[in-house]
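Number of protein chains: 2
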Amino acid sequence: MGKLYGIGVGPGDKELVTIKAKRLLNEVDIIYCPEKKEGAGSFAFDIVKDHIENEKVVIKNLIFPMNYNKDALITQWRQNAEIITKDVERGKNVAFITLGDPTVYSTFMYVLHYIDQKKVPVEIVPGITSFCAVASRLNLPLVEWEENLAIVPKRKKGEEAFNKVFDSFDNIIFMKPNNDPEVLINQLKKRGLENNFILITKCGTDEETIVTDINVLADMKIPYLSTMLIKKGGQQWEK
Amino acid sequence: MGKLYGIGVGPGDKELVTIKAKRLLNEVDIIYCPEKKEGAGSFAFDIVKDHIENEKVVIKNLIFPMNYNKDALITQWRQNAEIITKDVERGKNVAFITLGDPTVYSTFMYVLHYIDQKKVPVEIVPGITSFCAVASRLNLPLVEWEENLAIVPKRKKGEEAFNKVFDSFDNIIFMKPNNDPEVLINQLKKRGLENNFILITKCGTDEETIVTDINVLADMKIPYLSTMLIKKGGQQWEK
Chain E
660 MGKLYGIGVG
670 PGDKELVTIK
680 AKRLLNEVDI
690 IYCPEKKEGA
700 GSFAFDIVKD
710 HIENEKVVIK
720 NLIFPMNYNK
730 DALITQWRQN
740 AEIITKDVER
750 GKNVAFITLG
760 DPTVYSTFMY
770 VLHYIDQKKV
780 PVEIVPGITS
790 FCAVASRLNL
800 PLVEWEENLA
810 IVPKRKKGEE
820 AFNKVFDSFD
830 NIIFMKPNND
840 PEVLINQLKK
850 RGLENNFILI
860 TKCGTDEETI
870 VTDINVLADM
880 KIPYLSTMLI
890 KKGGQQWEK
Chain P
660 MGKLYGIGVG
670 PGDKELVTIK
680 AKRLLNEVDI
690 IYCPEKKEGA
700 GSFAFDIVKD
710 HIENEKVVIK
720 NLIFPMNYNK
730 DALITQWRQN
740 AEIITKDVER
750 GKNVAFITLG
760 DPTVYSTFMY
770 VLHYIDQKKV
780 PVEIVPGITS
790 FCAVASRLNL
800 PLVEWEENLA
810 IVPKRKKGEE
820 AFNKVFDSFD
830 NIIFMKPNND
840 PEVLINQLKK
850 RGLENNFILI
860 TKCGTDEETI
870 VTDINVLADM
880 KIPYLSTMLI
890 KKGGQQWEK
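Going down the list, the sequences are from chains E and P. Here this note's numbering runs 659 ahead of the position in the first sequence, where the first position is 1. Here this note's numbering runs 659 ahead of the position in the second sequence, where the first position is 1.
Quick caveat, the hints were computed from the structure, so don't treat them as lab data. Any given hint might turn out to be false.
Intra- or inter-copy, both count: the list cannot distinguish identical chains.
Said to hold, decoys possible - Straight-line C-alpha distance at most 30 Å; calculated BS3-like pairs for lysine-lysine:
#1 K778 <-> K891
#2 K729 <-> K891
#3 K695 <-> K848
#4 K861 <-> K778
#5 K891 <-> K835
#6 K708 <-> K849
#7 K719 <-> K823
Chain E on its own, in the form it takes in the complex (with noise of 0.2 Å):
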């Protein structure tokens, strides 16, 4: 009996990734790299790639599909699963990795939804979130003191779900501004919290994008990898 590795690698530089991912790297049997269809690539693999020294080690390349037609997804996480439980049972140490952090938004929970962990002994190995990236590369606090920090991946339906976010917490990450901007841009004018806000585009890549003006944000058309971090600012420090 093999062992499933989880393991987190990071935003996308590949001197974000951890000792002990690196070294679990080097010593499964098999690593697999989720891509979103046959051919496409995996961003994950890119990541580690050169970070492999065994030459022994097989690379395959298991599809998640990037849709939301979850029927399909099911299906597709349980032949992903199948795949995985039968190289375990035969003995082999594999590793799945996953953009970030596997505990947050990854690939890597849907097929663990579909494996039995009484056969299949499973440890995850924790990853850098693409928000503490977006905070470390703005120079920011995400959250300190006693204030509190929300994710949220993608506004839950209604302004009220919306109004009790803004209302109960100090500081915000929108994983997917992109989704039906001007409620969100309303409710920055609305607080008056024009100035609280930090779209970044791509974060840590070459195409990079910073917007800190509501009037650039209202006219623009908020690109797919964007993340938005609200700070309301509650806790000021005396200078």
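Position chain P relative to chain E; hints supplied.
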């Protein structure tokens, strides 16, 4: 002119340090280690000391008292910021190490408020957060699909604020559940979430304990180094 690096060293496992952190700690002239009082030692330094091969590096401890006396804290932060600024101005490359991630409740950010970034170039290196380490340890998703996540360090005063967090979030991390646990336990009971929490103390150490029984929780004195993960479990996958 040197440069200041704020470096996250992760939750405690020396292998959960990034490759970038390890490289920089071997390149800088000075490493600052936070300690709560003189001679107390630095947990952050314990995590990285085996990675430091550069014999010329100077280790400096900086005092960060563990209390909530804001005036005293600000005086200390300012003093520490001055020490760092002087070292950088005389051309030294320096690293401030901090547990977890530098942007999440870290001492580094408090010092950074008192450093003039026009004079001192600053780069932050993200680290693995404690809450990602906890979820990994438990083989549980912290947050998935369209769910959201709240990080709450210490309840704001009043049942009302508490209610809003429970109302609006699918997943909640309480960082200091030892602080007034009765209200927390009452909320779990009131909302039928008796089986939806996990309390983990001293995660990843030899003294780690895990509590999932509400009656045990109600009868115990919750230790200081505890984290509670609450998963309302809205998103269930078809098996």
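Taking the hints in turn, this is what the structure says about them:
1. K778 <-> K891: between (47 Å within a copy, 27 Å between copies)
2. K729 <-> K891: Between copies only: 21 Å across chains, 36 Å inside a chain, cut-off 30 Å.
3. K695 <-> K848: neither (37 Å within a copy, 42 Å between copies)
4. K861 <-> K778: Intra 39 Å, inter 28 Å, cutoff 30 Å: inter-copy only.
5. K891 <-> K835: both (19 Å within a copy, 22 Å between copies)
6. K708 <-> K849: neither (47 Å within a copy, 50 Å between copies)
7. K719 <-> K823: Neither, since 44 Å and 45 Å both go past 30 Å.
The structure fails to meet hints 3, 6 and 7 from the earlier list, while all remaining hints are met.
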